[in-house]
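**Student:** Chains as they are written, first to last, in UniProt numbering: chain A, 1 to 347; chain B, 1 to 366; chain C, 1 to 542.
The hints are simulated quantities; they were obtained by calculation from the structure and are not laboratory data.
Every residue, glycine too, gets a C-beta built ideally from N, C-alpha and C.
Don't take every hint at face value.
What the hints assert, rightly or not - Among the chain C residues that face chain A by a calculated CB cut under 7 Å, a handful are: (1) Pro158; (2) Arg159; (3) Ala163; (4) Arg165; (5) Val166; (6) Leu167; (7) Gly168; (8) Ala169; (9) Val178; (10) Pro181.
As the list claims (entries may be wrong) - Pulled a few chain A residues facing chain C out of the computed Cβ check, cut under 7 Å: (11) Met1; (12) Ala48; (13) Gln51; (14) Val68; (15) Val70; (16) His71; (17) Leu77; (18) Phe79; (19) Gln83; (20) Phe85; (21) Phe96; (22) Gly97; (23) Met100; (24) His101; (25) Pro148.
Next come the chains, spelled out residue by residue.
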Amino acid sequence: MLSLQAATVRFGKRTALDAVDLEVADHRIVCVLGPSGSGKSTLLRAVAGLQPMDGGRVLLAGQDQSGVPVHRRGLGLMFQDHQLFPHRDAGANVAFGLRMHGTGRAETERRVRELLELVGLPGAERRAVAALSGGEQQRVALARALAPRPKLLMLDEPLGQLDRSLRERLVVELRTLFQELGTTVLAVTHDQGEAFALADRVVVMRDGRIAQEGTPLDVWQRPASAFVARFLGFDNVTPATVTGLAADTAWGKVPVPEGSPQGEADLLVRPAGVLLGAPQDGLRCTVGVRTFRGNHVTVRLTPENAPVLEAECALRDTPDEGAVVGVRFDAAETVVLAGDPARQDSP
Amino acid sequence: MNTTKKYASTALAAALGVTVLAGCGGSDDTSAGSGASKGSGSKTVTLVTHDSFNASEAVLKQFTKESGYTVELLKSGDAGAALNQEILTKGSPRGDVFFGVDNTLLSRALDNGLFTAYEAKGLDRVVDGTEQDDKHRVTPVDTGDICVNYDKKYFADKKLAPPQTFEDLLKPAYKNLLVTENAATSSPGLGFLLGTVATQGEDGYEAYWKKLKANGVKVVDGWEQAYNEEFSGSAGGKKAKADRPLVVSYASSPPVEVLYADPQPKEAPTGVSTGTCFRQTEYAGLLKGAKNEAGGKALLDFLISKTFQEDVPLNMFVNPVVTDAKLPEIFTEFGETVDKPATVAPDKIAANREQWVRSWNSLVVK
Amino acid sequence: MRLGLMAVPVAFFAVFFAYPVTAIVGRGVKTDDGWQFGRIGEVLSRPDILDVLWFTTWQALASTALTLLIALPGAYVFARFDFPGKQVLRAVVTVPFVLPTVVVGTAFLALLGRGGFLDELWGVRLDTTVWAILLAHVFFNYAVVVRTVGGLWSQLDPRQEEAARVLGAGRFAAWRRVTLPALGPAVAAAALMVFLFTFTSFGVVQILGGPSYSTLEVEVYRQTAQLLDLPTAAVLTMVQFVAVGAILALHAVTVRRRERALKLVDPAQTSRRPRGAGQWALLGGVLLTALLLILLPLGVLVERSFDGPGGYGLGYYEALQSAGGSGSTFLVPPLEAVGNSLQYAFVATLIALVVGGLAAAALTRRAGPLVRGFDALLMLPLGVSAVTVGFGFLITLDKPPLDLRTSWILVPLAQALVGVPFVVRTMLPVLRAVDDRLREAAAVLGASPLRAWREVDLPLVRRAVLVAAGFAFAVSLGEFGATVFIARPDNPTLPVAVARLLGRSGELNYGQAMALSTILMLVCAVSLLLLERIRTDRSGEF
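Extracted from the complex, chain A is given alone in its bound form (with noise of 0.2 Å):
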């Protein structure tokens, strides 16, 4: 559906978007990740048009829309903040999109009806959007861009405002209807449990240009940078010297699995590969703040003369604060990232 060639994008001496290469197959649902100022907002504005190129192309079902005028590319964009017309109300913003395309009133009315209720709002047409909530709002939001059928629907920061429940519920919601209707999805966020959550395929962003890209899965379990590991959320991250099955660390020898790169390169050690034990047995660590996140609990370790580690341990052998444990570590657990380790920058 949308291929994108060397896309660039420069404000001044910046460049926001540096030559990405994007594909997005129909029907597919593609996230674009990464912190503020690496550049996915530009990519979605540069897709639609709103943003002019410096460099590249944007092909939309295998045509080039450079010339191409933003109302005529047949996208829909979810904004930010929205970007409901005050002046309007709820159903009218999302008829607003259908009266561009010349749809009659009839049918138009009827759209507006069923995409109000697909998205959990029957019946709100008359109602002002001042006096809508930041969920209803979005839902709105939502119904406006899928009303005229957009060949790709883009969403920049979807659930960016909401609260927490709310937005780990619309997450689901979303796929669920953007599976059910086929829509074709680019979205951005900078939340990464948004985005694998919401997503087929994952890009991580960096500096405007793309540092990973795969499946959720792929990601998550093989982050290809300290960047990518840091930015999906891994404090565990430290230089190592990779020699057959161990690699050497600030914390010591630690097994990695089989087949990993040799050398200089960052490990990862994810937290559920953190085992405490008695103190004598491994790392000698002090234990520090735990967080209890449901199912298990994060601790805080800080060993002698070694950056501080994360580790994750079930709710009944979570040690008391204070305590000093022995630490090992999984090899299951580590991961050999590949990437320039001299370009590791801390969090």
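Dock chains B and C against the given chain A, drawing on the hints supplied.
**Tutor:** Here is chains B and C on its own, set in the frame of chain A:
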């Protein structure tokens, strides 16, 4: 928030306000002041007048020296507006003496009983016919003539004699050459209309204007536009490439052209068609209810004194009203004498003015 | 609280507007035999008066439409594009607004008259046609639209339009359906102002239209100042009043229907350099229009002020310099006239800001029918002739403690009457757009209502306040009507001094008038530029 800066700026704003108020107040102190300070023994006398009034400061100081009174000026709009304001405040005037009612408006002033009778000292010296009120409610101060002016260069280039009389203006040779002003809103426009009434008669002026219109007279709203924009003989007209060499203006305009030129030319660039003139006389009077009657009377005396009268031409570009005042050289050298100006009696003007203007309007403008 | 805020503006309008105007109209309609309402019908059936009414109305409608047509693209360009010299240009297009009509007439004839630009190019002359009046009205009111509409436009989130574009709206459709409705109140306010100014147009109609065109305002002036026919003047004043009242009522309805909280953003983020041929062409078109319609006539004035008999030079300016020493009461040194003008303008702006600011603050809080009526009332002075107000002052402010008839303060007071509506009109839309929750947040944090206004509303509307102050200042700087009618000790302002010089023959007088006009233009442009500077320099302070 930067608190210090905020207070500083508040203080600055306050200080500015005070300075400005003080500044304006300063000018207030030296001028009209409020009614309270003006008892009958007050040493200031207030002259209410129109915007064109003008006198040399030295001459006003001379008055203070002679009489002990200081003159304060209160100007309010053109002659008509200034007079009408006096009528509205009748009985509770803002000043002591009013100057600037002319013969076209005189009846309105007298009918409204604006003035207290006072026979100014030296009234026997005024030019015959200028005194229009035997009860001496008003004192004549100056006279001026509204006449057609012509662009000398244009007529010299065309080897054409400039028109001299109202009748001349109807000749085909002067087709599309004259510009005049709206009689309804402009004082020279009205004067010119009254001139035609005086010379062509109340029955004949309409026919005259029909012919004048057929001969291409152009009417603009005010003297400024006529003289500065349309008249080819003026500085503004030259820049605007004006194409009308005849304009209704004043007999004093040619000497003024000389006076305000640098370097001074040997000859005035414009001339006066002396047979097309209408005479205006301006009067002053002691306002009824004046707080300083004695001072007002002294001022009226002074207005027809030789000192003031000789100062009049170069300040207001009109002629003195007393016979013993000498005209400045620039007037005698570059001005032209108007021997037989047209006049209409003030009461007749008062009775017919509106109707004349209305019929003129429907004939010429519409 | 609200009543307290409103006390000052209400008192101001009662004493300095309602009472004087009622009194002078009353004189016309009431004789010793009681009210003479029969006169109304009498006057209104006169064919010449009907002509005046018809002309007044249609030329105002046409002028307003033409002004919007020409100035809305300008408002867009000023709001959305960055280009070098933008600030200066914004100040310059405001200059005509403050120039006395006497001067502008001269300048404008250079564009439309004989030997003018159009004449030279295509042999077209528009002077003494109604086109001259209409175009001059555009010249005068261009800035009204650019400033009021452009001010809000620059704060509208451009993504609203983008949302519409993505939904399939073309560039124009997106503007018409999304931006225009949001701009509605501002466009309505601007159109209303332009309509009022042109409906009550005086100098432009007199100078450029010649005697064959007359508006109600011209007629009121003639009947009052020249003929002292107070009954006719009273009827005409009432007619104008009713017309203006009707327009204001209509405006109140439109504004109310469209009132809603707009999301305003920082104007610095919404403007950028033009992109693509279309935008450059638009910018070029707007600049060219401004050049032809505004800069060219102003340029002619400047050119003539240097064009002396001996070629170009500073001769006229030097003549001005020596004016003070001539010993006549006629001329004032130009510096003194500048000082007089600035003093009057400063005091008038101060009054207008205090009265208008309090009124706007009171009107923001709630919108009851009473409040809305007051809103409309504030606009009425724009529809009343300076001569009516001035003559009204004469017969009402004549007893202590308010015997102000000979006081200098009358001039700024009369000027402030015209300035207040500007202040209210510019501040109100922005104040109403301020999210109420900000005020609530301030209150929760311990701010009294007054304090909350100062801490929340004021910083947010600072820009609007400055725009309003600029307008009020500029209006009083160039104000001529009230300044010349209201009796005052003889300290002439710049426009009065210019008019005096133009009222005399003689090359030097004419040249000095041009030089003084140039100075007036300069003073005005500099004042406006300073206001714009203050805005950008200190925007981060509060």
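**Student:** Against each hint, give a clear statement of whether it holds in the structure.
**Tutor:** Hint check:
no. : hint   : in the structure
1   : Pro158 : violated (9 Å)
2   : Arg159 : holds (5 Å)
3   : Ala163 : holds (4 Å)
4   : Arg165 : holds (4 Å)
5   : Val166 : holds (4 Å)
6   : Leu167 : holds (3 Å)
7   : Gly168 : holds (4 Å)
8   : Ala169 : holds (5 Å)
9   : Val178 : holds (6 Å)
10  : Pro181 : holds (4 Å)
11  : Met1   : violated (16 Å)
12  : Ala48  : holds (5 Å)
13  : Gln51  : violated (10 Å)
14  : Val68  : violated (12 Å)
15  : Val70  : holds (4 Å)
16  : His71  : holds (5 Å)
17  : Leu77  : holds (4 Å)
18  : Phe79  : holds (6 Å)
19  : Gln83  : holds (4 Å)
20  : Phe85  : holds (6 Å)
21  : Phe96  : holds (5 Å)
22  : Gly97  : holds (3 Å)
23  : Met100 : holds (4 Å)
24  : His101 : holds (5 Å)
25  : Pro148 : holds (6 Å)
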